[in-house]
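Q: Residues per chain are reported as follows:
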Amino acid sequence: MIDSVDTILALVLLSVLFSFGTSRLPALIKIIAFQGVAVSIVPLFIGHGLTTGGTVFTLVTLLIRGIVIPLCIYLAIKKVAIRREVEPIVGYHASLLVGLILIVAATFVSPKFNLPQTSGNVLLLPTAITLLAAGMFLLMARRNAIAMVLGYIVMENGIYLVGTSFSVRAHHIVEFGILLDVLAGVMIMAVILQNIKQAFDDVDTALLRTLKE
Amino acid sequence: MVELVFMTPFLTGVIAFFLPRTTGRLLLVITGSIHLLLSLSLWIRRPIAVFPDYFAVTPEGLLSLLVISLLFFLISIYTIAYLKEADIRSENIFTGSMLLFLSTMTMVTLSDHIMVMWIAIEATTLASAPLIYTHRSAASLEATWKYVLICSVGIALALLGSVLIDFSMEVGGVDVPVAFSSLTEVAQRLDPLWLKTGFVFILVGYGTKMGLAPMHTWLPDAHSEAPSPASALLSGVLLNCAYLGIFKTNKIMQAAGLGNFSGNILIVFGLASMLAAATFIIRQTEYKRLLAYSSIENMGIIAFGTGIGGIGAYGAVLCLIHHSLIKSALFLSSGNILLGYGSRLIEGTGNLAKLMPKTFVTFFGGFVGIAGMPPFGIFLGEIFIILGAFRTGHYWGAGLFILSICVIFAGFANHVMKIAFSDTGIEIKTNESPNMVWPQFALLITSIVLFFWMPGTLYQTIINAVNAVGP
Chain A
1 MIDSVDTILA LVLLSVLFSF GTSRLPALIK IIAFQGVAVS IVPLFIGHGL TTGGTVFTLV
61 TLLIRGIVIP LCIYLAIKKV AIRREVEPIV GYHASLLVGL ILIVAATFVS PKFNLPQTSG
121 NVLLLPTAIT LLAAGMFLLM ARRNAIAMVL GYIVMENGIY LVGTSFSVRA HHIVEFGILL
181 DVLAGVMIMA VILQNIKQAF DDVDTALLRT LKE
Chain B
214 MVELVFMTPF LTGVIAFFLP RTTGRLLLVI TGSIHLLLSL SLWIRRPIAV FPDYFAVTPE
274 GLLSLLVISL LFFLISIYTI AYLKEADIRS ENIFTGSMLL FLSTMTMVTL SDHIMVMWIA
334 IEATTLASAP LIYTHRSAAS LEATWKYVLI CSVGIALALL GSVLIDFSME VGGVDVPVAF
394 SSLTEVAQRL DPLWLKTGFV FILVGYGTKM GLAPMHTWLP DAHSEAPSPA SALLSGVLLN
454 CAYLGIFKTN KIMQAAGLGN FSGNILIVFG LASMLAAATF IIRQTEYKRL LAYSSIENMG
514 IIAFGTGIGG IGAYGAVLCL IHHSLIKSAL FLSSGNILLG YGSRLIEGTG NLAKLMPKTF
574 VTFFGGFVGI AGMPPFGIFL GEIFIILGAF RTGHYWGAGL FILSICVIFA GFANHVMKIA
634 FSDTGIEIKT NESPNMVWPQ FALLITSIVL FFWMPGTLYQ TIINAVNAVG P
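So the protein sequences, as listed, match chains A and B. For what it's worth, our numbering labels the leading residue of the first sequence as 1, then goes sequentially. For what it's worth, our numbering labels the leading residue of the second sequence as 214, then goes sequentially.
Honestly, the hints are just simulated from the structure, not real lab data. Take the hints with a grain of salt, since some may be wrong.
Said to hold, decoys possible - Here are the computed lysine to any residue pairs in the SDA-like style, where the Cα-Cα straight-line distance is at most 25 Å:
| id | chain 1 | residue 1 | chain 2 | residue 2 |
| --- | --- | --- | --- | --- |
| 1 | A | K197 | B | I306 |
| 2 | A | K197 | B | E304 |
| 3 | A | K197 | B | V413 |
| 4 | A | K112 | A | L97 |
| 5 | B | K359 | A | L97 |
| 6 | A | K112 | B | V413 |
| 7 | B | K567 | B | A626 |
| 8 | A | K112 | B | K409 |
| 9 | B | K359 | A | R143 |
| 10 | B | K409 | B | T397 |
| 11 | B | K359 | A | L139 |
| 12 | A | K30 | A | F18 |
In isolation and in its complexed conformation, chain B is listed as follows (with noise of 0.2 Å):
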């Protein structure tokens, strides 16, 4: 039964906030191990929802919910040990949030449902906002306070667009479930006006939630101030959630032979977002903030190719899968970072070769990887979009996605070369653990096999993702 797989998070988590501190760690690796189980089997079986109004097993909805399940599964186990180095005072709300939020965003993938759609987005919001308070102080504060209000307005029109979808079916006198799903089916009868202003509110709003220029400005804030498992989470997979929403209305308007309209748009907000990483990246000064903006322009990157459609539609899973495989590995390795140099400036760190070699394989291999080049996937997610680009005529666009690229790659290698390499003369104050190593290690091997051999059922599910978003 599909709607096992988020009600199990839920009661743990529940769960979670009345136990006594310790014994919260051991809970959040079994219930990650369930979900993940439970994932898999919803892979091989697929089967029909119990309320199946509101909910559904999509192929883009499975694809994320995997992507949720592994990445929630290898950080629960970096974070047993992250909790024992690092020092959290209410350890019981922080595993217990955690958890919520896993059941929230399970809740986000197998939404079918319009509304509900709409609900798990707010409530992964109400769920994390608790972690990215998790360190008391008045910058985490600060950051909390403008993720949660700016986020809550901007789902807000999300809403608003939800219902002007309503409004679409009744003046187009159709009536069927307000489901994503019997909707795309109807498309062709809705009306237009409303169904284009309803799009317009939906991008916006969970475009806030996805990080797109220029409603990011909350993203670095939450992702630099939240301890790292909850970052990776953050960046890893709540932003494909949020993307979700925008790919499941984009469909809608694909089918509705709208597909210009919300392509464009969509490009022009990757663009807009890509930009923007670029010119915050060359000038940044810490390091996980320099990680949020990446996470900004790789959120542009996927809304661009989701934009040009077809072949960059393909090419946008890919990253998304990939961007988030690597950068969580790359969000967990900050965290040890972290802990050794106690400091959050680039320039507070160096000689990371030397003084943490495993964390600066993974580190420097998710650079790396993030950067685009091989043997990593979001390469081949790059070149898609960019072929598709140029295939559909886009050379502009094609022209200033190359351009930002390479600028973001300039500065992202500055900065990683001087946390690596440059000797300050400072020493550190950990070792590093294995749990705290190895599962970035699996992540980036993960991105590396699946860059050389993709399963069969994979591969076609994300053909039957994307084939609605243009040939």
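Chain A with its partners taken away, still in its complex shape (with noise of 0.2 Å):
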């Protein structure tokens, strides 16, 4: 039987090398989008034995990782910059190359740390090791200001998956709590763009550099 949760992370995974290529916002932005949906739905499918209050959380999360977050973004962004391009430092197709190479790197290196209970699930580790990677690049390989916003959920969702696999004892509240800090966060995020958008009729962080030493 070929194995749902995997199934689920290998898409995940093609969605860090569509992020990675993609040029245009908009393009971008749904395919974080259905990054976030992918991530959420893992937990249902992980088998903790799962309670109704788990199940209630894995769709909350669903709405406001799935819908909520790049709705938001989308929003804030919609009207000037939603024609530009991304404006990368590194190009296309070495972000592609540079995303393969850290899904080969996250392969390899996962089965050196002795996790408890991933034996089941062969891309558990290696996607969310992934994640955090490519979040980290799209913050420093691209000058726009809303990709960077989206390389910082990335960056979340990878976060959220290595936390998927010890989530039997977190509290489900607490859970909460951080996402509704993720959320609360991007949409500070959101009304910054805007702002920026306003200011500087442009979301290029090129143009932020009038404070520093």
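Take the two lone chains, each set in its own frame, and fit them into one complex as the hints suggest.
A: Now the structure itself:
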């Protein structure tokens, strides 16, 4: 039987490659939305013996990571910036190569950690590590402010995946608090994006260079 | 009940968003005084929290809480006068954010659960972001963007670190609540590899928020662009909150017998921060940025002292308390200077001693204190840290420590002399209203009093807080 968790995780890995290769912001936002959905349904299949509270929480996560957060950013940039490219510092082909190297490296190092409860899902840890590194990469290799926010979200998705393998003990109220913080953070970033757009008529972070030593 | 201390400012903060412009000012002071009373009652009664899994009253938390409470009360009085002079468009957002900021910082000091701590620290970032953007200029927009993005990413790493500490429980086969207090008790049984990795991520994450070099880049921008009362809060207490996260994790490391590992990392980051601050202070052109870099220096001193452990950790806690008192007095004074001269540049000021004599006294007094001279408490703290460093054989570390303190003193003194005495022929626009001066005096006098006489309960609480960090 093909493991459903690994199938989902494979899709997540693909979404990383797509996000590295795309030049258009709307496409990037859609990819991140898909990634959010995929990452948040993993706990449903991982089989910790799901309780009602767990299911509800997973659905709320799905709603926030998959719909609310991407929508927030989409609305923030709707008018001016939507037709713009992501202004890469590292080119798309090079980015794709980096993405592949990341995945290979993550798969290579993962078995070296002696993690509990990952024996059933080969791809869980490699995917989490890849997402963390991919988020960092998007933050560094794109000058566009929106792409940077999306990089932050990818990182958060990675941390969420790391967390799912231990989520037996964590209280849902605590996890919900974390989720709320992330949501509020992204909303504040969206507001700042909107203001940057109005003040500079662009969202290129190269324009934000007045404060430095 | 413990939770009331942070629920009160939360509620008044939410209310403040909907109040008409000037009513919020009064609410600020009222909440500040209620908060101070509640904190004092926590000191006296030390109750158990309603949700003991998530919150607890710890010695180090009590120390930070009292500092936060006292500072906020004094700063709120200053803020009323400041808001009358300064032109702030959406004042209710400012006051509301100040109160929410107070609430989240209080939550940091009282949280015991490792994830709740993270939630609270991330919430401080979110609550303080509108404060930095108060002036609505392009520069403040940039500072806010940097602040939110860098701190969020940094703190995300701390979340990863917290999850990894969870792993160390699972691998070690420990089943206790994921709280700092219970983890410290069972630290010996945690898996050392995951614990170490978790500590590194937490240090980098909360270190970003604390302003340790090389993750400090957001700090000078945010502190210089925020209005002065907000800068005073950011520098005086927000940095302490982030430090609390590192301090508590360090306690787990000490209890697990990994104190050398965590101590050495803290020493390296501490010295790096001090050296980075020294290089930027010498060539600084703006006085608020000067103060911000001085905060980075002091956070470096505190990290170094904590890394040394023992008597050094005691010195670090002293530095923490006195840095809050003195630095917030300095930032409030810098607010007066900014209102008076209308310029952020050191060049744009001058002759402060004659033009604003009272502000001159607080600014110069603050400088003397922050430079580590008696009769202010940082002097004692630094002496203890240096003694501790020599006692544990960190001769190179102590050498670099003393060197950077000297360089910073020279650079800082040079700038302060220019501001205070150079005759630039500038006229000033404002007079000094009493409410914009006496909070600074109160802060500085508190520091002097604590230098000569420390109440027994305060001393005992500091000892209780640091006794886990080496002999």
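Q: Each hint should be assessed against the structure and marked as holding or not.
A: Status of the hints after comparison with the structure:
1. With a C-alpha separation of about 21 Å, the suggested pairing of A:K197 with B:I306 holds against the 25 Å cut-off.
2. About 24 Å separates the Cα atoms of A:K197 and B:E304, which keeps this hinted pair within 25 Å; it holds.
3. Between A:K197 and B:V413 the alpha-carbon distance is near 36 Å, which puts this suggested pair outside the 25 Å criterion.
4. Simply put, A:K112 and A:L97 have alpha-carbon atoms about 24 Å apart, close enough for the 25 Å limit, and the pair holds.
5. Between B:K359 and A:L97 the alpha-carbon distance is near 29 Å, which puts this suggested pair outside the 25 Å criterion.
6. Under the criterion of a C-alpha separation no larger than 25 Å, the hint pairing A:K112 with B:V413 is consistent with the structure, at around 19 Å.
7. Distance check on the hinted pair: B:K567 and B:A626 sit about 18 Å apart at the alpha-carbon level, within 25 Å; holds.
8. A C-alpha spacing of about 16 Å is found between A:K112 and B:K409, which places the hinted pair at or below 25 Å, so the restraint holds.
9. Under the criterion of a C-alpha separation no larger than 25 Å, the hint pairing B:K359 with A:R143 is consistent with the structure, at around 13 Å.
10. About 14 Å separates the Cα atoms of B:K409 and B:T397, which keeps this hinted pair within 25 Å; it holds.
11. Simply put, B:K359 and A:L139 have alpha-carbon atoms about 12 Å apart, close enough for the 25 Å limit, and the pair holds.
12. Note on A:K30 and A:F18: the hinted pairing holds, with a Cα-Cα distance of about 10 Å set against a maximum of 25 Å.
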